[in-house]
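Participant: Below, each chain spelled out in residue letters.
Number of protein chains: 4
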Amino acid sequence: MCAVVGVINSKNASTVAYYALFAMQHRGQEASGISVSDGLNIKTHKARGEVGQIFNTQILANLKGEIAIGHNRYSTAGNSSLHDAQPVTATCSLGDISLVHNGNLINKEEVRKELIDNGAIFHSNMDTENVVHLIAKSKKETLKDRFVESLMQSKGAYCFMLASKNKLFVVRDPYGVRPLSLGRLKDGGYIVASETCAFDLIEAEFVRDVKPGEMLIFTQGSDEFESIQIFDQVDPRICAFEYIYFARPDSIIEGKSVYEVRKKMGETLAKKFKEKVDFVVPVPDSGVSAAIGFAQYLKIPLEMAIVRNHYVGRTFIEPTQEMRNLKVKLKLNPMKKVLEDKDIVVIDDSVVRGTTSKKIIALLKQAGARKIHLAIACPEIKFPDIYGIDTPTFEELISANKNIEEVREYTGADSLIFLDIDELVSSIGNERKYSLISFNGDYFIQ
Amino acid sequence: MCAVVGVINSKNASTVAYYALFAMQHRGQEASGISVSDGLNIKTHKARGEVGQIFNTQILANLKGEIAIGHNRYSTAGNSSLHDAQPVTATCSLGDISLVHNGNLINKEEVRKELIDNGAIFHSNMDTENVVHLIAKSKKETLKDRFVESLMQSKGAYCFMLASKNKLFVVRDPYGVRPLSLGRLKDGGYIVASETCAFDLIEAEFVRDVKPGEMLIFTQGSDEFESIQIFDQVDPRICAFEYIYFARPDSIIEGKSVYEVRKKMGETLAKKFKEKVDFVVPVPDSGVSAAIGFAQYLKIPLEMAIVRNHYVGRTFIEPTQEMRNLKVKLKLNPMKKVLEDKDIVVIDDSVVRGTTSKKIIALLKQAGARKIHLAIACPEIKFPDIYGIDTPTFEELISANKNIEEVREYTGADSLIFLDIDELVSSIGNERKYSLISFNGDYFIQ
Amino acid sequence: MCAVVGVINSKNASTVAYYALFAMQHRGQEASGISVSDGLNIKTHKARGEVGQIFNTQILANLKGEIAIGHNRYSTAGNSSLHDAQPVTATCSLGDISLVHNGNLINKEEVRKELIDNGAIFHSNMDTENVVHLIAKSKKETLKDRFVESLMQSKGAYCFMLASKNKLFVVRDPYGVRPLSLGRLKDGGYIVASETCAFDLIEAEFVRDVKPGEMLIFTQGSDEFESIQIFDQVDPRICAFEYIYFARPDSIIEGKSVYEVRKKMGETLAKKFKEKVDFVVPVPDSGVSAAIGFAQYLKIPLEMAIVRNHYVGRTFIEPTQEMRNLKVKLKLNPMKKVLEDKDIVVIDDSVVRGTTSKKIIALLKQAGARKIHLAIACPEIKFPDIYGIDTPTFEELISANKNIEEVREYTGADSLIFLDIDELVSSIGNERKYSLISFNGDYFIQ
Amino acid sequence: MCAVVGVINSKNASTVAYYALFAMQHRGQEASGISVSDGLNIKTHKARGEVGQIFNTQILANLKGEIAIGHNRYSTAGNSSLHDAQPVTATCSLGDISLVHNGNLINKEEVRKELIDNGAIFHSNMDTENVVHLIAKSKKETLKDRFVESLMQSKGAYCFMLASKNKLFVVRDPYGVRPLSLGRLKDGGYIVASETCAFDLIEAEFVRDVKPGEMLIFTQGSDEFESIQIFDQVDPRICAFEYIYFARPDSIIEGKSVYEVRKKMGETLAKKFKEKVDFVVPVPDSGVSAAIGFAQYLKIPLEMAIVRNHYVGRTFIEPTQEMRNLKVKLKLNPMKKVLEDKDIVVIDDSVVRGTTSKKIIALLKQAGARKIHLAIACPEIKFPDIYGIDTPTFEELISANKNIEEVREYTGADSLIFLDIDELVSSIGNERKYSLISFNGDYFIQ
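Residue numbers (the working numbering), protein chains in the order written: chain C, 30 to 475; chain A, 30 to 475; chain V, 30 to 475; chain Z, 30 to 475.
The following block holds chain C by itself, in its conformation from the complex (with noise of 0.2 Å):
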């Protein structure tokens, strides 16, 4: 995941920035960073941990400059350490530059060694930081045409942010895979971000989705920019676990609302449900809208009869062994109440290894609900996904291994059904093709 955000052409960029960042956190809480160009030089302020930590305003206020760059980090791996913190900031030989990336490079390790090769120095284990020794080791003459040329020997699913002292590049891979969108800042600067929930914090108005293989490059103090297709033009293939859950439901990616596509996930899964139960149960946050869409479908009762305790962040202390259960528990609890001898249809949005599953239909049924269908707002996933997604190994899935009757049976609900892959398509619009790697294994990247 992680989310990225740029700035240009406004008084207090950073501040912008900051505000964008803090709209996009649910795409990443593992640490933030803004990096501000004054028009000579580039200054970066960045920690681990949630944006609203990061940042006071007197930080801020050191960040003082028209262009910015921000970063949320999601954590893909246990051994991320502040070195792997966005922006990843030079001095070379064209002046200070600034870089946020948010996706994957399939090429990382291969690139890295060369450079490393080659007496490159590097700090961190961030595929971002190839693309920084790239432009410093690049002999072309003008920062844009360094940027294409590193661009060109990395392949990948990706979103690029690159500062410099009066410029901002903005990219986005040939096949689109991650979200990325323009807008317009009600004092005429631009905003580039993630997803279009930023905008709506801070009033800007959405102009139009960055192009897949786009580049647009933005000049302090002109209120045109530059849009240049970098690659060949290929089929762009947006990552369908955007709708599915990593996007918040109010963002508006491609011209549809995250909000309607999970609904209409829900009405989609509702259409092939033939259980009959007493009320829809949404596991909360993230089977919310899906729930909805189900339950107005089918013209049947929702309950919020699991209530998620929104304190439970990074930091509790771990359970022991005889509180089994405990840690679904901390952030879902099931209302005896109102299930006690209910027949219900639990909705989430996917099944990975099926461990939550599992616990949430023991405790359901703990709270004394007599039949528990289990309906999932996405298709089986059954292939790892290398783009930038954290998803676990074959090992894991548990679709990877089990037929969906055996997942059932896992899981322990009295019956199970997933969305599939053209159901899936269809939900979010058929007009274009989407990234499906986990459920087909289309590795379409090489």
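If you're looking for bench data, these hints aren't it; they were derived computationally from the structure. Please note: incorrect hints may appear among the correct ones.
Any copy will do: because identical chains look the same in the list, a pair fits if it lies in one copy or spans two.
Said to hold, decoys possible - Dumping the calculated EDC-like pairs for lysine to aspartate or glutamate here, alpha-carbon to alpha-carbon at most 16 Å:
id, residue 1, residue 2
1, K462, E289
2, K166, D146
3, K166, E143
4, K184, E369
5, K400, E369
6, K360, E232
7, K137, D471
8, K400, E304
9, K360, E283
10, K365, E289
11, K366, E234
12, K142, D125
13, K366, E289
14, K285, E369
15, K215, D174
Given chain C's structure and the hints, the job is docking chains A, V and Z onto it.
Facilitator: For chains A, V and Z alone, coordinates are given in the frame of chain C:
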């Protein structure tokens, strides 16, 4: 608000208290603390912040013992400091004691003045400290008699828990304004907590509510506990606000599911709602339960058309004046795609100053909603509460100064309905009296 | 030990107190604190650590007012905590008060017990808190009468300073065991401090010593101050250890230069030293002054053949057992090139347990010194001091258990001399009595 | 200045390095760090502050391995940051490396520019980082060849230590400007350190000095080490300032005791001192050794009439202008009782800007001294040093702009003598050349 918990006869009493406080975090995020008795001495750890940040495995490991009391503090005033965190401890002539308190003593200032005039040295502004001094100064021989004597001098709405080296005393005020329930732990110990949601998390079994005016006395190592009525009997009056918005929806207060009471409030509202709307929109999270009841009764769709950002906590940078509405928007974002050209009814749990409702209506209009009706699942708040709820003064309470039509006009809604007091009472259940001060000004504790 | 300072009628009273505490840091590095009265209320800042780390410009700027008292705490026990930092403050019926104390109350436990039996709640283990409670509980009308009454119940060797909103009270115990001097600031204010080296730093003029049993009462805005004798007159007995090693050499105590007294001690030692040596070696820094007197008298060279590492503070990692001697060596390093094949006399200020002397002798031998004579500029320490000095128990004091020859053998020195008690007294000056408990066991305060 | 240490073949290499850095804390208090190789990877811990604050038992326990290098940083410029702490580490194509450096590269800026033009990304302002980049970029096959190649491109006065997974390289510049000594640990390992005082502390045996232009190569597990001369031979020139004030008096540099050299300087000064004085007063601690030599030669008493407050560290609050002299007084306090009406000679180690001498003379006069003669145990400093010492510019150096009489007048002394250059050289010993840049402007490295 605030939350209190007491645990006895459990090997890891402090860990049980920790999880109970975690489950009751919604009742106070200002500060937390736990005291534990190891049979000889009492150790305490308390700090400002949320439970998950204050405690870690090592700190809990240092809090060894079979008796624990804990507290979450709700910020009732801007000038609170670490000194105002609970538990409050002392070494008196009977040994170490520790006290926690949920509520408000209305004769706090007189008692405090008299204590100071007699040489008591205070270290906080809390009324809790009054009681600790009264106990320390009492000439009674037993801690029980001292505690009872101290409570006789303390008027108000409260729950107190007092730990000594080998005893746990729990008491609820004569009117039973604040909730307090008794549970049984799996390992045979007892737990007493403000809300039953604390029992669910640690799989404690609900035993019964503590009665108004009842003192329970537990002794370490003994399965028996003593129950005494220390006050003349009066009509109990549990605070209606517990049902309206204090408690977690999954708690059971005096035998009633908070979630179901809230749904009933929504249903009662719906019965008198006369407008035609496309769908129902809750203000999340406080309005969701009532909105479900409302929508189910009228058989109209419920849409989560306002998205809440749960990362908004205590710490974010105050927006500048140019970014008006941002403070509400950081938390609540209406979805244009869903709302455009729709007639809607918005369900919220209360109107206090009216400013938030006004901003929400404005945001919804900006998002394109056509007609916006506002339905409030509680009566007009016309009086300040002085028994422990942090309500504003007369001047600030919009319904103390404006009639419904004027409030409607102020908020910008197209229509506005409240529950009336009788409807509120019947939604909870008519069988008993409630504390309704905020609605009718009946200050029954003098 | 500990250091106290009081300042009145100075615009930046807290800053003056800060520098005075800085100059008296040698009297205590465990914790420091300053209270300041702005004419209405008293504010306090205290923390563990050294003065330079605890205060900064902003903290001092927040401590505005013309009356300040301050304290450096000497670590007398391992279990001290922040609660044991001074000043100790309270709001009593006469308003805010703050107290600092240098010394030890021998009836601490009885008074504390009686206070607790009467309902007082203690927050520290300090005897200072006794006096605060006695003041708070007193029924006398004025603070002066209350303070005097409290002192009547407090036996021991001490200096107290009490600040109220507009007064500063300063008192020295009837025997004057601890030093206390009055000075005049350049801006007309007064300063009272444990040692005169504090005056030098801030260019205050020495006025006179506070008399044993004298209470000085200063009032804000008034140039006059009141002096009263609150105790029956007794023979004063200043603590001889102030001259031996507590005080800074540049302080003047009761009219005598500490440096010159120490030189005189060295000279007195030299008179009875019979061995032939190549040069004199002081143990730095405590033995330097005496060594200078010793060498000057005998007209033999002084060599700084042991180098002290002044970076050794509270925090360094305890060496493992293989690295024996390292703890002493971290602080003291003998120079082989200088010592090799030399006969020397080592001058130190005292022998307490004997372990350090033993290690130093061993290091000197290892460095190649041939004959090593040890001359100690104080008498044998045979009795624990209970009036405020942190001396070990009988069992630990080597001279309480061994005669001089046995001590010599234990340390490994080739010869060993001490000052005898008369020589000590005559080195300081015979004209008055001294507290010589550690040498003669005369516990004169009962 | 700065201090470096390297350890190999010792089980607790990082702990040995820690104590060595502790012993050499006087060479730099700005920042410290240690790298350790466990045979595979290199781990590093570094931070701003003093050694004792930066490391603790747990941190050292995490730095496991038999090879360690460490560094104390001297604050040479106000803008230093954590990035400017050493060691500097990198993962290059030959694996992890770590480098520390004491000294100054005079061609730093040219090399750095060329490296950046070729794509190197810098993370600090240190010349040390140049060498790391040169090693990383080198095409040579072995680390030894790469390191040698890098040194060929680096002109200056330095000691470098380079650790790889299984080797330790140590090198001293061709002129041997900075000291570097080899020692043998008790457990058979080797230690190389800037000063021999580090050996004393950990009871390592001095083996020999590293020769100018010599590279020593140690391999983990091997008792043998390789020695190569990597530069054409030139006349060595150890920096005279090491003897004058950098080194600890208990260190032995090139066979000479620093303490004895300083005493000799004092003696040489004394030979040409013609005034009549009552006694000699050193400016502590820097002037003490010379003062002892001075006093012994003239057979006049030495008095420690200026007391130094060793608690003065980095952190104290800057005095306001009314408190003039306070900054010097915080550190140095002259004793009126000793100085009054006396004629004295003050011994200090150098005069740089003249401001401190001026303040000391003023304080001594204020304390009542009659005649004050000043004798400086080094020649007039007339030239800035650019080889690693933080001396001021021409404009700031008082002796670059004033003759002796004018300096005397400026300081207020009654007479003033310096050592001349020949006297300095003969005090150290005439047998070899020294770096005397500050005195004669002979910038011998070009």
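Participant: Determine for every hint whether it applies to the structure shown.
Facilitator: Verification of the hints:
no., hint, verdict
1, K462 to E289, "neither (19 Å within a copy, 45 Å between copies)"
2, K166 to D146, "both (13 Å within a copy, 8 Å between copies)"
3, K166 to E143, "both (12 Å within a copy, 12 Å between copies)"
4, K184 to E369, "neither (53 Å within a copy, 41 Å between copies)"
5, K400 to E369, "within (10 Å within a copy, 39 Å between copies)"
6, K360 to E232, "between (32 Å within a copy, 14 Å between copies)"
7, K137 to D471, "neither (20 Å within a copy, 52 Å between copies)"
8, K400 to E304, "within (10 Å within a copy, 38 Å between copies)"
9, K360 to E283, "neither (32 Å within a copy, 25 Å between copies)"
10, K365 to E289, "between (31 Å within a copy, 11 Å between copies)"
11, K366 to E234, "between (46 Å within a copy, 14 Å between copies)"
12, K142 to D125, "between (24 Å within a copy, 14 Å between copies)"
13, K366 to E289, "between (31 Å within a copy, 8 Å between copies)"
14, K285 to E369, "between (38 Å within a copy, 14 Å between copies)"
15, K215 to D174, "neither (32 Å within a copy, 60 Å between copies)"
Going through the hint list in order, the structure does not satisfy hints 1, 4, 7, 9, 15.
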